[in-house]
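These protein sequence lines are chains A and B, in that order.
Each residue of the first sequence is one higher than the last, beginning at 1 in the working numbering.
Each residue of the second sequence is one higher than the last, beginning at 422 in the working numbering.
Treat the hints with caution; some may be incorrect.
SDA-like, lysine to any residue: derived pairs with alpha carbons at most 25 Å apart [said to hold, decoys possible]: (1) B/Lys-562 <-> A/His-370; (2) B/Lys-562 <-> A/Ala-61; (3) B/Lys-545 <-> B/Asp-600; (4) A/Lys-382 <-> B/Asn-527; (5) B/Lys-562 <-> A/Lys-117; (6) B/Lys-446 <-> B/Glu-434; (7) A/Lys-413 <-> B/Lys-588; (8) A/Lys-117 <-> A/Leu-349; (9) A/Lys-382 <-> B/Val-567; (10) B/Lys-588 <-> A/Asp-420; (11) B/Lys-531 <-> A/Lys-117; (12) A/Lys-382 <-> B/Arg-646; (13) B/Lys-531 <-> A/Asp-420; (14) A/Lys-8 <-> A/Ala-61; (15) B/Lys-441 <-> B/Ala-500; (16) A/Lys-382 <-> B/Lys-441; (17) B/Lys-562 <-> A/Asp-291; (18) A/Lys-413 <-> B/Lys-441.
Which chain B residues stay away from chain A? Per the calculated CB distances, all over 12 Å, these [said to hold, decoys possible]: (19) Glu-496; (20) Ala-500; (21) Ala-528; (22) Arg-530; (23) Asp-536; (24) Lys-555; (25) Met-582; (26) His-626; (27) Asp-637; (28) Asp-666.
Since the hints were made in silico from the structure, they are not lab data.
Treat the numbers as computed from the prediction; the structure is a model and nothing was measured.
Even glycine gets a Cβ: it sits at the ideal position worked out from N, Cα and C.
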Amino acid sequence: MAAFLDAKTNDRLTALGTPAAVGWSEDARLDAVTRLRTTGLPDRRDEYWKYTRPDAFTAPAATAAAAAEFEGFAGVDALTITFVDGVFDADASDDFALEGIEIERLATSDVDIHWAKDLYGVLETNGQTPVSRPLAALNTAYATDGLIIRVTGEVSKPISVVYLQKSDASDAILHHVVKVDAGASATILEAGPVAARANTVMEIDIADNATFNHLRLQGRDHEQATLTHTFTRLGNESAFKSFTLTANGTLTRNEAIIEMNGDDASAHVAGAALGDGGDFNHDDTVFVTHDALNGESRQVFKKVLRNGATGIFQGKILVKEGAQKTDGYQISQSLLLDDDAQFYAKPELEIYADDVACSHGSTTGAIDDHALYYLRSRGVPKAQAEDMLVLSFLAEAVDEIADEDLQDFILGKLETWLADR
Amino acid sequence: MLEIKNLHVQLEEEEKQILKGIDLKVETGKVHAIMGPNGSGKSTTSYVLSGRDGYEVTEGEAILDGQSILDLEPEERAAAGLFLAFQYPVEIPGVGNMTFLRTAVNAQRKARGQDELSAGDFLKEVRAKAKTLKIDADMLKRPVNVGFSGGEKKRNEILQMAMLEPKMCILDETDSGLDVDAMKLVAEGVNALRDGERSFLVITHYQRLLDYIKPDVVHILYDGRIVKTGGPELALEVEKNGYADIIAEVA
Ligand SMILES: Nc1ncnc2c1ncn2[C@@H]1O[C@H](COP(=O)(O)OP(=O)(O)O)[C@@H](O)[C@H]1O
Ligand SMILES: [Mg+2]
Chain A
1 MAAFLDAKTN
11 DRLTALGTPA
21 AVGWSEDARL
31 DAVTRLRTTG
41 LPDRRDEYWK
51 YTRPDAFTAP
61 AATAAAAAEF
71 EGFAGVDALT
81 ITFVDGVFDA
91 DASDDFALEG
101 IEIERLATSD
111 VDIHWAKDLY
121 GVLETNGQTP
131 VSRPLAALNT
141 AYATDGLIIR
151 VTGEVSKPIS
161 VVYLQKSDAS
171 DAILHHVVKV
181 DAGASATILE
191 AGPVAARANT
201 VMEIDIADNA
211 TFNHLRLQGR
221 DHEQATLTHT
231 FTRLGNESAF
241 KSFTLTANGT
251 LTRNEAIIEM
261 NGDDASAHVA
271 GAALGDGGDF
281 NHDDTVFVTH
291 DALNGESRQV
301 FKKVLRNGAT
311 GIFQGKILVK
321 EGAQKTDGYQ
331 ISQSLLLDDD
341 AQFYAKPELE
351 IYADDVACSH
361 GSTTGAIDDH
371 ALYYLRSRGV
381 PKAQAEDMLV
391 LSFLAEAVDE
401 IADEDLQDFI
411 LGKLETWLAD
421 R
Chain B
422 MLEIKNLHVQ
432 LEEEEKQILK
442 GIDLKVETGK
452 VHAIMGPNGS
462 GKSTTSYVLS
472 GRDGYEVTEG
482 EAILDGQSIL
492 DLEPEERAAA
502 GLFLAFQYPV
512 EIPGVGNMTF
522 LRTAVNAQRK
532 ARGQDELSAG
542 DFLKEVRAKA
552 KTLKIDADML
562 KRPVNVGFSG
572 GEKKRNEILQ
582 MAMLEPKMCI
592 LDETDSGLDV
602 DAMKLVAEGV
612 NALRDGERSF
622 LVITHYQRLL
632 DYIKPDVVHI
642 LYDGRIVKTG
652 GPELALEVEK
662 NGYADIIAEV
672 A
C-alpha cells in the first residue's frame, strides 16, 4: 500500500507521525490511518472538491492566520467549555456537571472499555460511502482532544463550546462524540475561530425519541481555514436540527452527513453565510441518506455574497430502496450583491423508493429592486433597506433554529454584523 | 404643497414617452383626485414623484413644500414628507411588519434630526392606529404583506401612512380589489388623517372611492396629459358616461 501513497498524503502523514495510543480509541485511530493510506488525501481533481481547493487542509503545516477575537454566544445561559488553539482551557471552562448529561474529554478518557468505542470513528466510517471523506478519517486518526458527551435526560441549558485562537500558527484537530439516549434531549452551541487551521468532527448518535440541536457561529473577519464534519445517525422518531451562521473569513467547508436510520425521524440542516471579499470561500456539503420509513429531511442553505466572495453548495438526498414516505426537501440560494460574487450549486437527488416526495431547488439572484424601492419610499436609507432585504432572504434558514430565543440571538448577531460590516 | 410643472417622463430602457407634460398644483390641506383609463400614466406619475428607478424625467419639475424633489433619493423624499400608498404593496418575507414600521418611522425621525421613538411609545401608537384600521396583533407580527389579503395590504399601507404622518399623501388605486366594506375602512383611515394641513393626491380608476374620500379637485389623465380638470362633479360624469366622451372632447 505504501508504495501507492501519493506524495501529498505521505507528507501529511509523516508530519503527523503515529497516532497517540489513547485507550479505547486506539483501534479506531489505527483503522483510520489504514483507510487514509488507501484513499489518499483529496486534491483538486477530486470531483467532491471541484469547487473548493483542499490544499490548505492537506498541506503538512497550517498557513498562518492572524488570531481572531470572538464573542460567541455571550449572554446565553449555558455550560461553557473552552478550547484555546484546540487545547482545552480548564480556567475558562465551567464544571462539567449538569443534570441529564455526562461530559468528559477525549484526551483524558484513557480507559480500555468505553461506550464511545461504538461510535468513535464508526459513524465517520459509515459516512465514507458512497463518497470518501479522507480528511474526516485523518481527524479520527489524529484528533488531540474533543468532548465525549452522553445525554441521558432532558438537559436544562445548552452546552456552549467556545473555540478561541491565540496563536497565528495553531493547527487543531478536534473530535467530539455525542450520544443522545432514548427520549433525551440537548443543545450544543459551537462558536469561535478554533485555530489558524481547524479540522473538527462531531459524531452524533440520536436514539429513539431523542432530540438534538446544534447551533454554530463561524466568523467573522478571520483568515482561518476551517473544515468541519458532522456525522449524524437518527433513530425512530428522533429529531435533529443543525444551523450554522458564517461570516467573512477565507476558507470554510462544512460537511453534514446524515443517516436517517429509524422510522419517522426528522433532520434539518441549515446555514446562512455572509461573504465579503475575494478570499471568502464558503462551502456547504451535505449528504442525507434515507434508509427508513416516513423520514423527513430539510436542507436550507442561503448565502449572501459580495465583492468577489464565492459560495458553494453540494447537497444530496439519497433515498434507499424501501425508504417509503420519505419527505426530502433541499433549497440552496444565493444573493449576489455585485457582479463579482459567485455561487456554485450541485444539488442531487437519488431515489430508489417509489412512494416519496422529494424536491430540490437552487437559485441565484440579486436584491429585488422593487422591494428596495418600496422600503426606501418609506424613508429607510438604501444601505439599511438592503440589510433588511438580506435578512429577509436569510429568514427561511434562520427559521430552522429550533429555539426561539436562540433564533433571536442569531438574528441580532446578523443585524449587527450587517450594520457594522 | 405639491406642484408638478410640465412633467415629461420617458422610460429609461426604451424611448417611450409616458408622461407628456403634466401640470398640477395640490394646495395645502386639499384633496385632488386623478382619474383616467388604464395605461394613461397614473401609476407612472406616482412612481416618478416617489423616486422609482427606470424612468427618465426629460422635462419639468416637481416641488414639494418649496423643495424640488425629482433629484432626491426615495428616502429623502419620504423624509421631506412624501408618501405613496402602492397600488401593489410589496411582500417582504422574513421582515416583521412591526419591525419594518419601526425602522421606517425612526429612519425618518433621524433624517429630520428628531430622537428615535422609544419602543414603548412606538408600540402604543401603532396599536392605537392599527385598531382603527382593524389590523390585529397577528397582522402586525407577520412578515410585511406576506399572506395578506388584498384588503389587508391596502389597510397596511394606510397604517404606514398614519404612522409616518406625511405632508403629502399619494394613493394609487387604493380601492382596487376591495369590497365596499374594506373600501369604507380604508377611506375612514384616510379621512382621519385629513386635518386641513395634509394634502392628498388620490389616484383611482373608478369614481366610487371618491364617494368616501371627497375630493376638492378632479383631474382626468389621458395618454400622459391632464385633459380635463374640474370639481367633484367631474368624477360623477365619468361614473355615468365613462371616459369615452371626455376623451372624444379633447381629441
Ligand atoms: N416599466 C415600464 N415598462 C414598459 N412600459 C411601461 C412601464 N411603466 C409604464 N409603462 C407603460 O406606460 C403606460 C402608463 O402606465 P401606468 O402609469 O401604469 O398607467 P395607469 O396607472 O394609468 O394604468 C402604459 O402604457 C404602460 O404599459
Ligand atoms: Mg396604475
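What are the numbers of the hints that this structure violates, sorted from low to high? Structure breaks hints 2, 3, 5, 6, 7, 8, 10, 11, 12, 15, 16, 17, 18, 19, 20, 21, 22 and 25.
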